[in-house]
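Please take these sequences and the hints and turn them into a complete structure.
Now for the letters of each chain:
Number of protein chains: 4
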Amino acid sequence: MNSAMNGRKREFSRSIRKGFTDTGKLPSGSWTDAQTATLDEPEHGLTQEVLDNTDVLIWWGHVAHQEVSDEIVNRVHQRVLQGMGLVVLHSGHMSKIFMKLMGTSCDLKWREAGEKERLWVMDPSHPIAEGIGEYIDLEQEEMYGAHFDVPAPESLIFVGWFEGGNVFPSGSTYRRGNGKIFISNPVMNLIQPITTKKSKE
Amino acid sequence: MNSAMNGRKREFSRSIRKGFTDTGKLPSGSWTDAQTATLDEPEHGLTQEVLDNTDVLIWWGHVAHQEVSDEIVNRVHQRVLQGMGLVVLHSGHMSKIFMKLMGTSCDLKWREAGEKERLWVMDPSHPIAEGIGEYIDLEQEEMYGAHFDVPAPESLIFVGWFEGGNVFPSGSTYRRGNGKIFISNPVMNLIQPITTKKSKE
Amino acid sequence: MNSAMNGRKREFSRSIRKGFTDTGKLPSGSWTDAQTATLDEPEHGLTQEVLDNTDVLIWWGHVAHQEVSDEIVNRVHQRVLQGMGLVVLHSGHMSKIFMKLMGTSCDLKWREAGEKERLWVMDPSHPIAEGIGEYIDLEQEEMYGAHFDVPAPESLIFVGWFEGGNVFPSGSTYRRGNGKIFISNPVMNLIQPITTKKSKE
Amino acid sequence: MNSAMNGRKREFSRSIRKGFTDTGKLPSGSWTDAQTATLDEPEHGLTQEVLDNTDVLIWWGHVAHQEVSDEIVNRVHQRVLQGMGLVVLHSGHMSKIFMKLMGTSCDLKWREAGEKERLWVMDPSHPIAEGIGEYIDLEQEEMYGAHFDVPAPESLIFVGWFEGGNVFPSGSTYRRGNGKIFISNPVMNLIQPITTKKSKE
Numbered sequence: 032m033n034s035a036m037n038g039r040k041r042e043f044s045r046s047i048r049k050g051f052t053d054t055g056k057l058p059s060g061s062w063t064d065a066q067t068a069t070l071d072e073p074e075h076g077l078t079q080e081v082l083d084n085t086d087v088l089i090w091w092g093h094v095a096h097q098e099v100s101d102e103i104v105n106r107v108h109q110r111v112l113q114g115m116g117l118v119v120l121h122s123g124h125m126s127k128i129f130m131k132l133m134g135t136s137c138d139l140k141w142r143e144a145g146e147k148e149r150l151w152v153m154d155p156s157h158p159i160a161e162g163i164g165e166y167i168d169l170e171q172e173e174m175y176g177a178h179f180d181v182p183a184p185e186s187l188i189f190v191g192w193f194e195g196g197n198v199f200p201s202g203s204t205y206r207r208g209n210g211k212i213f214i215s216n217p218v219m220n221l222i223q224p225i226t227t228k229k230s231k232e
Numbered sequence: 032m033n034s035a036m037n038g039r040k041r042e043f044s045r046s047i048r049k050g051f052t053d054t055g056k057l058p059s060g061s062w063t064d065a066q067t068a069t070l071d072e073p074e075h076g077l078t079q080e081v082l083d084n085t086d087v088l089i090w091w092g093h094v095a096h097q098e099v100s101d102e103i104v105n106r107v108h109q110r111v112l113q114g115m116g117l118v119v120l121h122s123g124h125m126s127k128i129f130m131k132l133m134g135t136s137c138d139l140k141w142r143e144a145g146e147k148e149r150l151w152v153m154d155p156s157h158p159i160a161e162g163i164g165e166y167i168d169l170e171q172e173e174m175y176g177a178h179f180d181v182p183a184p185e186s187l188i189f190v191g192w193f194e195g196g197n198v199f200p201s202g203s204t205y206r207r208g209n210g211k212i213f214i215s216n217p218v219m220n221l222i223q224p225i226t227t228k229k230s231k232e
Numbered sequence: 032m033n034s035a036m037n038g039r040k041r042e043f044s045r046s047i048r049k050g051f052t053d054t055g056k057l058p059s060g061s062w063t064d065a066q067t068a069t070l071d072e073p074e075h076g077l078t079q080e081v082l083d084n085t086d087v088l089i090w091w092g093h094v095a096h097q098e099v100s101d102e103i104v105n106r107v108h109q110r111v112l113q114g115m116g117l118v119v120l121h122s123g124h125m126s127k128i129f130m131k132l133m134g135t136s137c138d139l140k141w142r143e144a145g146e147k148e149r150l151w152v153m154d155p156s157h158p159i160a161e162g163i164g165e166y167i168d169l170e171q172e173e174m175y176g177a178h179f180d181v182p183a184p185e186s187l188i189f190v191g192w193f194e195g196g197n198v199f200p201s202g203s204t205y206r207r208g209n210g211k212i213f214i215s216n217p218v219m220n221l222i223q224p225i226t227t228k229k230s231k232e
Numbered sequence: 032m033n034s035a036m037n038g039r040k041r042e043f044s045r046s047i048r049k050g051f052t053d054t055g056k057l058p059s060g061s062w063t064d065a066q067t068a069t070l071d072e073p074e075h076g077l078t079q080e081v082l083d084n085t086d087v088l089i090w091w092g093h094v095a096h097q098e099v100s101d102e103i104v105n106r107v108h109q110r111v112l113q114g115m116g117l118v119v120l121h122s123g124h125m126s127k128i129f130m131k132l133m134g135t136s137c138d139l140k141w142r143e144a145g146e147k148e149r150l151w152v153m154d155p156s157h158p159i160a161e162g163i164g165e166y167i168d169l170e171q172e173e174m175y176g177a178h179f180d181v182p183a184p185e186s187l188i189f190v191g192w193f194e195g196g197n198v199f200p201s202g203s204t205y206r207r208g209n210g211k212i213f214i215s216n217p218v219m220n221l222i223q224p225i226t227t228k229k230s231k232e
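Sequences listed follow chains F, S, W and R, in order.
Residue 173 in our numbering sits at position 142 of the first sequence, with consecutive numbering throughout.
Residue 131 in our numbering sits at position 100 of the second sequence, with consecutive numbering throughout.
Residue 174 in our numbering sits at position 143 of the third sequence, with consecutive numbering throughout.
Residue 63 in our numbering sits at position 32 of the fourth sequence, with consecutive numbering throughout.
FYI, nobody ran anything at the bench for these hints, they're computed from the structure.
All the pointers check out, no bait thrown in.
Treat identical chains as interchangeable: a pair holds within one or across any two.
In silico lysine-lysine, BS3-like type, Cα no more than 30 angstroms apart, as pairs: (1) K211 - K140; (2) K127 - K147; (3) K211 - K127; (4) K211 - K131.
This is the structure:
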C-alpha cells in the first residue's frame, strides 16, 4: 500500500511469493491466486468485490498511511471482522487498519542502523513457527523496540533480539471478530529470504 | 452521556455515589470529587482540563451515541491510553469510545422483558468481585446475551444467567495503553442497589 | 478410564465414533484408528507404545480417579507436553492428569437433577464451534456450575446455561507445552447425539 | 530453600529487605514481619501455622529441589490456591512448587557467562514495573533463555536481552486459584542492587 510500489506490482508479487515458497511454507504452485492492490489504484485496489474474494490480506505501508481513505479502511475492517485473515508487515503497525483493530497508539521505539536481529521462537507449538527451529538470524534489520503499545496478544510467537540492545515482540497473533491477525516486524526475510540464516533444529 | 439526563446532574451523581457506598465498596466520604458531564454541555462537559483531572470516568449512554463528537471521543481515548480508568455501563457497549478501544463491532443479542439476571462470579479473586459472594440476583434486567463481539478480556469477572435462557459476559476487564477498562452490563444495581439480593458467602 | 466400562470396550468405542460422525464433525470412515484403554487393563492400556502412536487422547473418568497410577499419569503428561492432544470429558475435570496440567483444585458446583443445559457459543470463530450455530440444547444434563477453579483458558468456547439457575464454562481450550487440551463438560451429546437439538444458524 | 543458606538466615533476610527498600519499592520500616524458612529446618520451616500467617512467600532454591518434601509442597500449593502470594526467584523455576502450579516442564536454556542482561519493561502500566523506567541493566547475570516451557502468563512484564544473543521472559505473573504468582529471573538485583543501573525515565 505505497505509491512507490506503483508500476512494480508484478515484481513485488513475485518476490513475496518467492519468499513464502523459498522458506518452504507453501508449495510453489499454491499462490496462483495472489494479487496486489496499491495506494494509487481506484479504491486502492480494494473494492468490495476484491475483498469479498480475499481469504488473507497482507498489508504493508510506510510513509503514506494518512493517504489511505477512511472509507476503504472501514471496508477492510468489516471484512476482517467477518473472517478475512490479515497479515500486517513491519511499518504497517502504524497503518489505519491495524490501529483501528488494536484500539491503542501502536507506538514503539525504532532506529535505522542495519543491525542484526535474532528472531527467537517463543511459542514453538504455534503453526506459524513450524519448521523454523529455535531462531532465525536476519543480518540487516531496521530496529523496532519495546515498549510496543498494543493489547496483550493471543499468542506471542517471536521476540526479536537486536545487536544494539533492544527487544521486540516481533510476531504476534490477535483475533478480532471472526478474523485472525498476524503482525510481523520482519518483512525483509519474506522478500529477501537469502539474507536469513536458520538455526539448526 | 445522554440528553435526558440534563438538568438531573445532582440526582444522578448522588444516586451513583449511593450505589457504590451502599454496596460497601467505598466509604461514604470518599466520593466528594465525583462530578457529572452530559451530552448537552459544551464539549459534552469533557474538556481537556476536566479529563486531565479525572482518575476514573464512568460512561453511560444509549440512543444518542452518534451525537457524541469524534473530537471528544479522541480526547477521551488519549486519556485512557495515558492511564485514566474507564467504567462502561450497560448500553455504553455501543458507545464510540468503547468501540474505538475494542476494535470490534461490539454486537450482542438483547431483549426487553424485565426478566431476572443472576450474576455469577467467575473470578472470585479479582478485587472487583470482593465481598460479593457467589452471585447477585438482579430482579428486573434488560437481557444482554452472547455472542458479544469483543476481544478476549483480561479477566472475565461475571457471567450473567437470564431467566429466558441466555448467558452474557456481564463484567470484564481490558487494558489498553496504561488505562484499565471495566465493562459492566448491569447498571441498575449501581443506581438502585435496593433491587438486588446478594448470595450468602 | 473406569472399571465399569470393562468388557464394554467395543460398544463404547462405537458409540463415541457414532457421536462424532452423527454431528457431522468427522466423515464416518475417518475413525478407523480409534481404540479404547480402560482402568483394568495392564498399565490402564496406556503403554508408552500406545501413547507414542496416539495423536489425540479422549479421557473420561468418574469415581475411580484415585485408582489411576501416578506413573501412567506422568507418562500421559509427558506425551501431552510433547504434543499429543487431550480431550477431557465431563467428570474428567477431577482426573489426576487434568489437575496436573492445570495446577489448581479444579473444584466446581454440581447437582444431579437431569435438567436442561443450553450450551451457548461464546467464540464462534473457533474451529471447535464450527457449524454449531448459536447454541445447542442438551435436554438431560448433570449440572456443573461456576465457580470452576481452573486457570484462565486460551479460548472460552462454550458457556452452559442451566435450567436451575447456574452457568458453567462448558468448553475451554488450554495449551501446555506442545499439547492442546480441550475440556468439555457435556459428554452425553457425544455419546447420545439424539438427545440434542441444534439452534438454527 | 537451600541448605547452603542455613545459619545465614539473618544476613539473607536483611539483604532481601535492603534490596527491596533500596529500589524504593518499600519504605524501610515496612518489612518488620519478613522471616526466613530454610530446607534444613523441621518441615523446612513451613509449618501450617507459618503459612497461615504468610501473605507473600518468596521462594528461592537451586540444586536441592528434589530434597523438598512433597507434603510441604502440597501444603504451600494449598495456601497459594487460598490466596497467598508467591514470588519465585531465578532457579526456583525448577522448584516442585512452581512446576506443580504451572503443569509444564519449565525447561529453558541457560549459560553461566557472567554477561550483561538488559531487562526491558514490556508492560509499563503494571504495578510491578512502576518507577523502573524503560529498562534496568544487570551487569553480571547468569543467562536464562527462551524457549521457556510455561503456560502463557497473565502479564509479561519484563523481557531480558542478553549480551550473548538470547532473550527471556524475565518477569511474568500468573493467577492460580486465589493466589497471585510472580516469576522473576533476576534475583541478583534484589540481593545486590548496587550492581544495577536504572534507565532514565
